[in-house]
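K.L.:
Residues per chain, in single letters:
Number of protein chains: 2
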Amino acid sequence: MNIPVTPPSGFRDFLPPVQALRTRAVEAISRVYRSFGFSQIATPCVEELSVLMGKAGGENEKLVFKILKRGEKLELSQGTSELADLGLRFDLTLPLARYYVRHQSSLPHPFKAFNIGPVFRAERAQKGRYREFYQCDVDIIGSDHLGCEVDVISAMFSALLELGVEGATVALNDRTLVAALLDAAGIPQDKRGEAMILLDKIDKVPEDRLMGEMTTLVGPEAARVVREKVLAPEGDLERLRSLAPEAVNRLSRIIKTLGGVFGKPERFRLVPSLVRGFDYYTGPVFEFKHPGLAGSLGGGGRYDGLTGKFSGRSVPAAGGSLGFERLMLILEERQGVAAGGPDACVTVFAEELRERSLGLAAALRGEGLSADVYPGLKPLRDQFKFADLRGCSLVLVIGPDEAARGKVKVKDLKSGQEWLEDEAGAAKSLRAKLPPK
Amino acid sequence: MNIPVTPPSGFRDFLPPVQALRTRAVEAISRVYRSFGFSQIATPCVEELSVLMGKAGGENEKLVFKILKRGEKLELSQGTSELADLGLRFDLTLPLARYYVRHQSSLPHPFKAFNIGPVFRAERAQKGRYREFYQCDVDIIGSDHLGCEVDVISAMFSALLELGVEGATVALNDRTLVAALLDAAGIPQDKRGEAMILLDKIDKVPEDRLMGEMTTLVGPEAARVVREKVLAPEGDLERLRSLAPEAVNRLSRIIKTLGGVFGKPERFRLVPSLVRGFDYYTGPVFEFKHPGLAGSLGGGGRYDGLTGKFSGRSVPAAGGSLGFERLMLILEERQGVAAGGPDACVTVFAEELRERSLGLAAALRGEGLSADVYPGLKPLRDQFKFADLRGCSLVLVIGPDEAARGKVKVKDLKSGQEWLEDEAGAAKSLRAKLPPK
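Note that the protein sequences, when read in sequence, are chains F and D. So that you can map any letter, position 72 of the first sequence is 72 in the numbering used here, and since no number is skipped, the others follow by simple counting. The numbering used here runs 1000 ahead of the 1-based position in the second sequence.
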């Protein structure tokens, strides 16, 4: 046999307990985003390559899983650059911009959207870095007001609180402030992009190595200024304000409002070295951090130029994305992963009694409980073992004696207690005995 | 601009009202599957090509979107058959078999699983046939008992009832009965597979054309027997039983049990011409029909040999899949698609009052309502229009007068009524005034 049973490198199967946790988290995040007035949208996993790569290709080129042309189109293609026409999306922001341009006449203005789903990146898989992973995006398109950043960050922060993730902090910065700082350090404009890419690695590589690379790029004097003025943990607010007054005033107001709304001003800070990777950001950027986690728990920013790629007309926009996989690391560690079996396992004593068991299970479901009927026919001992293995609370038996008397035997697997219920009232009675959900 | 704004052919964007309906349907189906004791699992969208194509390739070859190799691996490949190494899953059954073989030592036995997610097929897109669509699978692996078919079909039927889809019927058959019928018609074994593929088209092509093709394949005499004995709407049960006693007895018991559990015996029928497309089915097969819909609303069957592809050891298994996209057609038509805006839109009267509006919205959310704060700053008239466009019920205003007196002005957009609430108690009070969810 040479058919593999493991998924490809970087792709994952999820066992039931972990998947239950993932579904609950997606539902909780959706609930919070919805409670902020964001409407859920969806875009396909597959997009035209030209949408994903833009005109230049560039950085995204390496991220994209490309889909081979089919049939005749493949036969006619020449050279590896013509072999593919479609690709898997690597984020949810680029598809959102396409979506907005296509549907804007049917959408409210401004448009508050959220999108949760898998994205795909053809990077080398590493511990904690996957090639298929979930993103939970929330965006406002059509307004340049700082209320957008407040709304997006509030929704993300509230989603973390809803999941019981306490202690998150938000670092904020503005791309125009970074540009002004690099300018003030004497870094010429043509090296600004590369310098920003270096700054973005601050959490991933040691500072010494970072500064070594910065020195190579811009020379020792500019690198020294960057270390003192940009990488300083606390920026001198008045100096920053003098360099980029508009950006810093805007950031200060966003930070003050968020601190007020959540009653936790210390959680929202201006961090002048924050860049965020994607090159589509044009103004404020932000990143969620958590004490239990290296790297970020999500982030986002303003990307006023992105719709212009599709329509030639730029519409202001801001949004963010929770890093779902990192969030799961925190949730799994904190909550553990419960077995999560059904409330009740109904055994089948004999084939002619299966219908009685099925009827009982249906009644339990009618009361909002989950109830399993043993699908085969094995000795009761095996059926009890099956129930126990699955983390089920109660096992129910309708044997010939019980059936004749209209009774159900109940065993609580945790306490070991056994008792009889009337078959007709069993569902209601057991509902009352189980803890509320 | 030559970057397209529409998704590739066969792929779809979903506008907010439709997406809201889709999410509610997925959540309802998951709830029902869970209430039957099935555990949710997930597998990646991307699998190794060898998993998807099997050893022979065969029929699946045309279904699979193939993913181009990356970097050096691509450079080294020779000929179009070597260009791809990965592919997009075209169903959830094949990945489940792989998953089961890999993880069986960590899973209960038998294993009751459900999996809901997108699948991808490189077929030509047509009306109602998409290249990315959802499947909602439910399966039991590890038992050959007919209780599995009962359980799987019950869960699917109950999910339809939960969604308010009344009137579904289930056609059942057995692959071994079809084989016996074709045998009795004098069709040699080497033409049986092709004859089954023809029978599977019964809902898609006119009967005359079907019989024409059957005559070409097996000759006029055998085709006549097929028309009379296999395509007859009501099979002669005793004759069928004499041809394949085990299969027919099993089907009869499944049908009787389902009819009893749901109190609707007329909804479950033996249809001797039913085949179901995939070649992995080995025993009972079934298909859900709905009076409002040509074609099927889902189906499934027993596929005892599938895990053997991966492990060499076959484990009995049965499962089914609800056709989510067809289900959506029924739901959209019946329920219409509601606007579904937030419960309350909180306006921002002036920038210095934004924090008051944000605080009010937070209080509303604390009461379980959804509340939107206008992200920008526009005249109230525009903010009211925004609320109206989104189908919002209540618009709230805290202007300077209201702020000074600790009040909130409320307008009900449906009745046109306006009134004042105390800012402190507004959330509780409005919660009581809105209809319960």
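I should point out that these hints are in silico values taken from the structure, not numbers from a laboratory. Just so it is clear, CB atoms sit at the ideal spot from N, CA and C, and this is done for glycine as well. Please note: incorrect hints may appear among the correct ones.
[Stated by the list, open to error] Heads up, simulated DSBU-like pairs for lysine-lysine below, C-alpha to C-alpha not over 35 angstroms straight-line:
id, chain 1, residue 1, chain 2, residue 2
1, D, K1309, F, K73
2, D, K1428, F, K264
3, D, K1127, D, K1191
4, D, K1062, D, K1127
[Unchecked claim] One side of the interface only, derived from the structure: several residues of chain F facing chain D at Cβ under 7 angstroms:
id, residue
5, G37
6, I41
7, V51
8, Y99
9, G128
10, E421
K.L.:
Verify the interface restraint on F:E421: the C-beta must sit less than 7 angstroms from at least one C-beta of chain D.
P.N.:
Because about 19 angstroms separates F:E421 from the closest Cβ in chain D, which is outside the 7 angstroms limit, the hint is violated.
K.L.:
Please work out if D:K1127 and D:K1191 have their alpha carbons no farther apart than 35 angstroms.
P.N.:
Distance ~32 angstroms between D:K1127 and D:K1191 Cα, so the pair holds.
K.L.:
Was the hint right that F:V51 lines chain D, CB cutoff 7 angstroms?
P.N.:
holds, 6 angstroms
K.L.:
Quick check on F:G37 please, does its C-beta sit within 7 angstroms of some C-beta on chain D?
P.N.:
This hint holds: F:G37 lies near chain D, its Cβ roughly 3 angstroms from the closest one there, short of 7 angstroms.
K.L.:
Taking 35 angstroms as the top limit, are the C-alpha atoms of D:K1428 and F:K264 close enough?
P.N.:
holds, 24 angstroms
K.L.:
Hinted pair, alpha-carbon criterion (35 angstroms max): D:K1309, F:K73. Please report holds or violated.
P.N.:
With a Cα-Cα distance of about 32 angstroms, the restraint between D:K1309 and F:K73 holds, given a limit of 35 angstroms.
K.L.:
Grab the minimum C-beta distance from F:G128 to chain D and call the hint holds if it beats 7 angstroms, violated otherwise.
P.N.:
violated, 17 angstroms
K.L.:
So, as I understand it, the hint says F:Y99 touches chain D; can you test that by seeing if any CB pair is closer than 7 angstroms?
P.N.:
holds, 5 angstroms
K.L.:
Report holds or violated for the interface hint on F:I41, using the least CB-CB distance to chain D and a cut-off of 7 angstroms.
P.N.:
holds, 6 angstroms
K.L.:
Are D:K1062 and D:K1127 close enough, with their CA atoms no more than 35 angstroms apart?
P.N.:
holds, 19 angstroms
The structure fails to meet hints 9, 10 from the earlier list, while all remaining hints are met.
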